[in-house]
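Peer 1: Going down the list, the protein sequences come from chains A and B.
Under the numbering used here, the first residue of the first sequence is numbered 1, with each subsequent residue one higher.
Under the numbering used here, the first residue of the second sequence is numbered 1, with each subsequent residue one higher.
Think of the hints as simulated: they come from the structure by calculation, not from any bench.
As the structure is a prediction and not an experimental result, all values here were calculated from the model.
Misleading hints may appear alongside valid ones.
Below, a list of computed lysine-lysine pairs in the PhoX-like style, where the Cα atoms sit at most 25 Å apart [what the hints assert, rightly or not]:
id, chain 1, residue 1, chain 2, residue 2
1, B, K202, B, K257
2, B, K257, A, K175
3, B, K202, A, K202
There are 2 protein chains.
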Amino acid sequence: MSVLVVGTVGIDRVETPHGERSNLLGGSASFASLAASFHAPVSLVSVVGQDFPAHHRAVWEKRGINLTGLQVASGQTFRWHGVYEENMNNRRTISTELNVLADFQPVLPAGLKKLPFVMLGNLAPDLQHSVLDQMEKPRFVVADTMDLWIHTARPRLLELLGRIDLLILNDSEAKQLADEPNLLKASRWLRERGPKYVAIKKGEHGCFLTGSEGAFAAPAIPLEQVLDPTGAGDTFAGGLAGYLAGQKGVDLPTLAKGVIEGTVLASFTVEDFSLERLASLTEKELKQRRQELLKLINPNS
Amino acid sequence: MSVLVVGTVGIDRVETPHGERSNLLGGSASFASLAASFHAPVSLVSVVGQDFPAHHRAVWEKRGINLTGLQVASGQTFRWHGVYEENMNNRRTISTELNVLADFQPVLPAGLKKLPFVMLGNLAPDLQHSVLDQMEKPRFVVADTMDLWIHTARPRLLELLGRIDLLILNDSEAKQLADEPNLLKASRWLRERGPKYVAIKKGEHGCFLTGSEGAFAAPAIPLEQVLDPTGAGDTFAGGLAGYLAGQKGVDLPTLAKGVIEGTVLASFTVEDFSLERLASLTEKELKQRRQELLKLINPNS
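Sequences and hints are given; from them, build the entire structure.
Peer 2: In structure tokens, the structure reads:
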């Protein structure tokens, strides 16, 4: 089944200890939609400016992503400039230019309103609400978020919890949002506010997923070199949502498999800048690394 | 088969956000030997002073641990006083009184020299060497260590690597000892210096084990409340070593099962002060939590 992916599209400038690159394709929807496309048909909903280059658009087109929901507004595309420190868990934002994102109002083409799976990529909660307002009874809604919205739009984010099935966020964000340092308690607090499942991203330490049926803990794939961590979380979320869209129903074992797929895809994203590794990824490479992860979890498999 | 466990025995004073307790049984060998005793016959090698109370000794006796290698020296038992902060990953040592540990020279009774499995608990590398000097061709040697020895006895610790089969240490220690922030590279560096396997403890994030055959990543068991983290690492190491001693041979899949057993036992240790939870632990509770961990790793199991 098809999945609708909404989020930001941006043009990034990224500095890491391994180099500096400009005019990169970035934004939560860019990574999430490309990741989801490995498992399900994807429709992208976002906004770009008139300056958005055709070669960036071609990255999605090459993977068959439906772009009827991608608005082209007058003005410049959203831009982000970030620097990663030697310990690449630490990132500083140098500048953010919202540009066309400032006035973005998602308007879903009629054909997208009936899609059964929705991935609300990292975006202002108001806009995430607006997409759900336009959808006709989606079967499963996944939402990603970030600390910015916890600090600036907490009430709207808490409201959103009542409308989604799976919340994805990182460990420090889960602790902040629930105001609770224990991840088990924080997960329960979040689930009590709506989502049946909560997936907590722990970066190099993997993912911790909980639901009423139990929990699942997956390691990340240990990598010798990370070139650019940008988009790893969006890739994880998109890969997970895409996998779910390809299944008959969603329960804890299905979600666990989805976490595996998200983890595998994210491990490729960080191996190069922007979407470069993901865009060239083959089914064979995907299968090979999935086997690697399954072996890491169970050396007898 | 039997396992010889060497390490410290101490009397601890521990302050945590959940309370303060004095005159607790502590020390690396105390935790490691009790944990190992759930899987194999154990002989303990350490030293206590004349003040060492009978009720502490009874904790080991109750689990059938052989104490012929426990020296009673004239003087006071080793004492440690530590404080855990609100975030219990942060611990401060208030005082350390070496007492009888200062002049400790392990002397193995003849019956212990032929034991096939050796667990060198956290202890000065010189003393770990001295135990190996007395052993007659052990089949498998496990060594635990800590940052103190990395800083004060690095050359002797590096020498020890050439004499052991499995090194256990935590993530920050692995990075320090190998002078390498990437855990995959640090593990390889350490294995190149001797041990066939390296198990890196990551606290609440579980354990990462590597060998030439591949790697295994296990999560920790998420707990709603940790009362006292003291001895968790020693319990893990002892449980793992004890499990190995009960198996026919040691390979990566066997080690993975040992990591599971160490993880399960450590999850009990932190639920109460000192060895209190471990001392009252039943086979049924152990089995139940093992199932819980296996479900966490594979919700389909």
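Peer 1: Would the pair B/K257 and A/K175 pass a check requiring their Cα atoms to be no farther apart than 25 Å?
Peer 2: violated (32 Å)
Peer 1: Between B/K202 and B/K257, is the straight-line Cα distance small enough, at 25 Å or below?
Peer 2: At roughly 17 Å apart (the allowed maximum being 25 Å), B/K257 and B/K202 satisfy the hint.
Peer 1: Check the hint pairing B/K202 with A/K202 against an upper bound of 25 Å on the C-alpha distance.
Peer 2: holds (13 Å)
Hint 2 from the list above is the single one not met by this structure.
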